[in-house]
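J.: Residue-level listing of the chains:
Number of protein chains: 2
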Amino acid sequence: MTPVGTIHKTDAQTWIDIEAPYRPAMDGLEGFSHIHVLFWFHENDHAEGRQVLKVHPRKDTRNPLTGVFATHSPLRPNLIGMTLCRVVALDPPRIVIDRIDAVDGTPVLDIKCYIPSSRAFENLHLPDWV
Amino acid sequence: MTPVGTIHKTDAQTWIDIEAPYRPAMDGLEGFSHIHVLFWFHENDHAEGRQVLKVHPRKDTRNPLTGVFATHSPLRPNLIGMTLCRVVALDPPRIVIDRIDAVDGTPVLDIKCYIPSSRAFENLHLPDWV
Numbered sequence: 012m013t014p015v016g017t018i019h020k021t022d023a024q025t026w027i028d029i030e031a032p033y034r035p036a037m038d039g040l041e042g043f044s045h046i047h048v049l050f051w052f053h054e055n056d057h058a059e060g061r062q063v064l065k066v067h068p069r070k071d072t073r074n075p076l077t078g079v080f081a082t083h084s085p086l087r088p089n090l091i092g093m094t095l096c097r098v099v100a101l102d103p104p105r106i107v108i109d110r111i112d113a114v115d116g117t118p119v120l121d122i123k124c125y126i127p128s129s130r131a132f133e134n135l136h137l138p139d140w141v
Numbered sequence: 012m013t014p015v016g017t018i019h020k021t022d023a024q025t026w027i028d029i030e031a032p033y034r035p036a037m038d039g040l041e042g043f044s045h046i047h048v049l050f051w052f053h054e055n056d057h058a059e060g061r062q063v064l065k066v067h068p069r070k071d072t073r074n075p076l077t078g079v080f081a082t083h084s085p086l087r088p089n090l091i092g093m094t095l096c097r098v099v100a101l102d103p104p105r106i107v108i109d110r111i112d113a114v115d116g117t118p119v120l121d122i123k124c125y126i127p128s129s130r131a132f133e134n135l136h137l138p139d140w141v
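Each protein sequence line maps, in turn, to chains Z and G. So in the working numbering, the last one in the first sequence is 141, and the numbering has no gaps at all. So in the working numbering, the last one in the second sequence is 141, and the numbering has no gaps at all.
It should be emphasised that the hints constitute simulated quantities derived from the structure, not laboratory data. The beta carbon of each residue, even a glycine, is placed where N, CA and C say it ideally should be. One thing to keep in mind: the hints can contain errors.
Covered by chain G, according to a simulated footprint, are these stretches of chain Z (three or more residues, beta-carbon under 8 Å) [what the hints assert, rightly or not]:
1) 12 to 23
2) 52 to 60
3) 111 to 117
Below, a sample of chain Z positions facing chain G; criterion: calculated Cβ distance under 7 Å [to be verified]:
4) Pro35
5) Pro88
6) Ile122
The shape of chain Z in the complex, shown without the other chains (with noise of 0.2 Å):
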């Protein structure tokens, strides 16, 4: 795995810089409104971090023990955290985002375009805690 990029946020603004060798990989993200960022949790890159298999979501001692993949959390056995972006601005080697679930200088791993699936919303369940 290498980093393609680096999430920044400041007060005012969240982008994503990709990194040089990776910007030919930006053409044609001006045709999507939304991204899906995948991103490492590498705060939590140790052996502890990685070695939790269960949470209370949304750090929520009401809510039930779950386990992490069923959850969002940020402690998982591969750390990979993804956020649905909307797109704000596109100015390589920038991508302006309204928001991520990532603090300052976060790695980037990937960044996919967001296509909506009709088959999101077959027979949809969630449970009580979402």
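For chain Z, the structure is supplied; the task is to place chain G on it using the hints.
T.: Then chain G, alone, in the frame of chain Z:
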């Protein structure tokens, strides 16, 4: 990165087998109808596969040459694939799913419960090739 499971496919069924150490992380998945499965395009894990930065979407040369971040191409700098799957049955360590864009034997990196986001539909736009 450590595989947490493996994708299996037969004519009759598609499923994920979760490796023994990670099975506790499945608890709670029964509440969700859909999951995002993150996997590794292991067949493309060579320098040539990872150096491809532009493709014709859907392998159709009538579609414009497009940066891989603006596609779901299995050729990309980090070979992470992602499919939104419907959970057909949960029979630990097996998760039976409807279908997935990966071949039999593909290593699974992560599973994330699917929680729909209203943000996905704010001012949505997509390029013509979609």
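J.: Work down the list of hints and note, for each, if the structure agrees.
T.: Results of checking the hints against the structure:
For the region 12 to 23 of chain Z, the stated coverage by chain G is satisfied: 3 residues place a CB nearer than 8 Å to a CB of that chain, which reaches the threshold of 3. Coverage of the region 52 to 60 of chain Z by chain G is violated. Counting CB-CB distances below 8 Å, 0 residues qualify, and the rule asks for three or more. Here the region 111 to 117 of chain Z counts 0 residues with a CB under 8 Å from a CB of chain G, which misses the bar of 3, and the coverage is violated. Hint on Pro35/Z holds. Least Cβ distance to chain G is approximately 4 Å, under the 7 Å limit.
Because the beta carbon of Pro88/Z sits about 5 Å from the nearest beta carbon in chain G, less than 7 Å, this interface hint is met. The interface hint given for Ile122/Z holds, since its Cβ lies 4 Å from the closest Cβ of chain G, which is under the 7 Å cut-off.
Of the hints listed earlier, those the structure fails to meet are numbers 2 and 3, in rising order.
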